[in-house]
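Chains A and B, in that order, are what the protein sequence lines are. Numbered according to my numbering, the first sequence spans residues 1 to 370. Numbered according to my numbering, the second sequence spans residues 1 to 567.
Please note: incorrect hints may appear among the correct ones.
Short derived list, chain B residues pointing at chain A, Cβ under 7 Å [as the list claims (entries may be wrong)]:
(1) R340
(2) G344
(3) S531
No lab work stands behind these hints: they were computed from the structure. The beta carbon of each residue, even a glycine, is placed where N, CA and C say it ideally should be.
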Amino acid sequence: MKLKSLMLTTGAALIAVPALAQEMADEMTIVSWGGAYQNSQLKAYVEPYQEMHPEVEVIWDESSGEAVAGMRAQSEAGNITWDLVDVTAADSMRLCDEGLAMEVDPDEILAPAPDGTPASEDFGEEMLVSECFIPQIAYSYTFGYRTDVEEWEGRTPDEICDVFNLEEFPGQRSLEKRPHNNMEWALYCDGVAWEDIYDTLETEEGQDRALAKLDTIKDQTVWWTAGADTPQLLADGEVVMGSTYNGRLFSVIEEQDQPVAMLWDAQSYDLDGWVIPEGLDEPALNRVKDFLYFATDTQRLADQAAWISYGPARKSSAPLVGQHAELGIDMAPHMPTNPDNASNAFVQNYEWWADYRDDLDSKFQAWLAQ
Amino acid sequence: MTDATHGPDAVTGVTPDTGLRIAEQRAGGEMVAADGTPLKRSLNRALRREKLRALALVAPLFLFIVVTFIAPIADMLFRSVENQIVSETLPRTVVALEDWDGDDMPEEPVFAALAQDLAIAVELKNHTRLGSRLNYETTAASSLFRRTGRGADDIGEDAADRFVALDPAWEEPATWVGLMASPDWIEAQAEWAAGADDDAGPEPRFELRDGVADALPRAADMYAAFARVIRTEDGDSPTEEEPWPIVCRALHGDLIANPDAAAGFDGANAQLLAAAAEAAPAFEVTGFRDTFLDIDEDWGDTTIWETIKAFSSPYTAGYFLSAVDLQLTADGVARQPEDRQIYGLLFGRTLFMSLTIMGCCVLLGYPIAFLLANLPMRSANLLLILVLLPFWTSLLVRTSAWKVLLQQQGVINDLLVWSGIISDGGRLALINNQTGTIIAMTHILLPFMILPLYSVMKTIPPSYVRAAKSLGATNFTAFRRVYFPQSVPGIGAGCILVFILSIGYYITPELVGGTTGTFISNRIAYHISQSLNWGLAAALGTILLAVVLVLYWLYDRIVGIDNVSLG
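Produce the complete structure using the sequences and hints provided.
Shown next, in the form of structure tokens:
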């Protein structure tokens, strides 16, 4: 019976394909981040899609870190080799601004929720940060700390400002080597309310204030550039606490079983999603759209959460999040969007950072170099 | 001819080269070749043929290098001065700003020009690119242009409404075509539209009618831009599309400035225009300046205008100034604020650390090369393989290995603590600082020092040192006076190799350099891949290239490049 129905669907699919007037490319180059995250995409929707369309060959390119530069270079050379690119929310804004990514209408190209809610509402405005962005997941920057530090005498850091407290929590920290998040955390711990953070950071005094706060831990800080740095430093005992993506910490804690715990307080949300490069030819674009319709539907985004502890971008996916595909543990408590974890979370202001990134970065780098 | 048999030419006979010289010496002489042409010319021809043949032989390689190496580098370096985006995106604004004194908010005409430029830029989606470009110079320019772009569609909407309320004909695309388009174009367009089904190619390019640009300068300008943009961007025709509201707004301005504009038209057009000209002064329309201030009050600030004015020329020194911690302002060149000066520090650090690494390589490499050159062949070969082995290992693997060795909980610190040399609390910081970069890079670049040294030392005959000793020199004197001077060309070659390689190094400092051990190339990489400020990256790269060339020239003057030997 099962085989018969499978044959029927395959047969139907075979008949249906030529019936479609659109010509689709059989090759698709997907750009992503590599590692556990890319694996979650592979398992949750790329492999299932290839089962439905065995003729499709997917080529992975792990260049998302340089996606903006890569897309600009390809566009200037007039030779677009990427079909679908996974980027952060801030990068999607820049790509849209530069005219390098295609503007999309979510309701037109994405599946509605199972109950018929249009995609734009299912994702919601806070997820659709630019006209080119097709969100997949919400992740967060948060801190992990070692649970076996003798000098702490049994105390555990449970709020963000413990990062700045060298007396009770001595030891090296690791922070990201760019101003994002660090400046916000520093100001918050210097007594600025969340809603005033960006107004304060706009002023010269506010920036100096944030850097002065960071100065208090500067000589006890290792600065990371790659997401894998902090987990490695924590596992080696090089640092006692450090910031990184929550999914990386999940794998250190649950998969590698290291003596590390999460500090969810004041986690900083960020988004990750797809953009389609501007200037794809017709068959490639049709294939990408066909894939995207499938890969961003409610079930597929929920499936992704079984492989990595990042929250699905659709509201309708949240109730479907189940257990880890291999470890068999409940994923919901490990999601950054889980209410217990999100009580003091903040959302990075992408538009603000798009404006101030260059200015603050030169100031931050000058400060680091001193 | 007889003269040629005297010097060295006696052996080779007369070559085209020497023949030419002989012919020149006999100025005014009537020397002719066998076929009667003057000798000078025939020799010149032979010489040219030979040169061409030589050129043809090197041409393939030369072209290959030009196309794949020199051209891309030149193109990249050219970005360090290129700045067309401002004058191309805001051509009218740039002209209007020329007379602005920079003290107060610019006058209405500047805002009018900006409105026109932005209306076009928004349709072409260029305004956000311009915003990102200006954001490198002035913070918040990016969002200012993004926000203004969202509001730009509505600029002139109020004027358009008044025109339509006055006469619904203003809503008809045909009215505008009749007013603006040249009769030739209308005819060609009609012909094209009739045959459009059989692939007649794109619609004919829009042409303004004669005289309209004089009678209604701004409206005609905007209408032509509108026709051009919808043709190229959307594939639409002005015969089917209502013009942008900004065209109505421009027309309103033109009619106020020139109430008799209708005189240049005839028939229905003239009546329509005359009626509009009469009614126009009574239209309540918001001024351009107020419209912009309404969209974003930052337009009232002089900062953004100063930036546009300072960067309005198609070529700019701005990137080079930024690369040396200066900035271009409306009043000329000024220093960057103290807390944003990094490039001078980074250039200095890059030079200092490259020299240190070079010095470490000489100190460590010289004894090894000496040993290699003086051991029996078999053990020397074994040692050479040990030198080359890390050379064949991936750079990333070697750098990561140094991380494991050098970190505070790493092998070296553990050994030191275990042996009691340092206490557990006093572990050494050997990585994520300058020390880490110097250690890792010295190790990585050491083979580039050892190999040229070794090949030069191999050629120094051992009998020289023996001779010195037999004449009474001590071991040290023999080395200092006889051996060492002969090995100097090897040191020179190794130093140049190591120094030039390390000055552009990027991966190792990035991984082990922390904050105090990074190079200028890390900043270049940041601007290429993260901030996308390719102009600044190009300027930094150009400066780095110039520094290397100057140092090379200095080296040539002091040591002499002829004294460098790779073996």
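Evaluated hints:
1. Satisfaction of the interface hint for B:R340 is found here, the shortest Cβ-Cβ separation to chain A being roughly 5 Å, below the 7 Å cut-off.
2. Residue-level restraint check for B:G344 is violated (minimum Cβ-Cβ distance to chain A is 11 Å; threshold 7 Å).
3. With its C-beta approaching chain A no nearer than about 6 Å, B:S531 sits inside the 7 Å limit, and its interface hint holds.
When the structure is compared with the earlier hints, a violation turns up for hint 2 alone.
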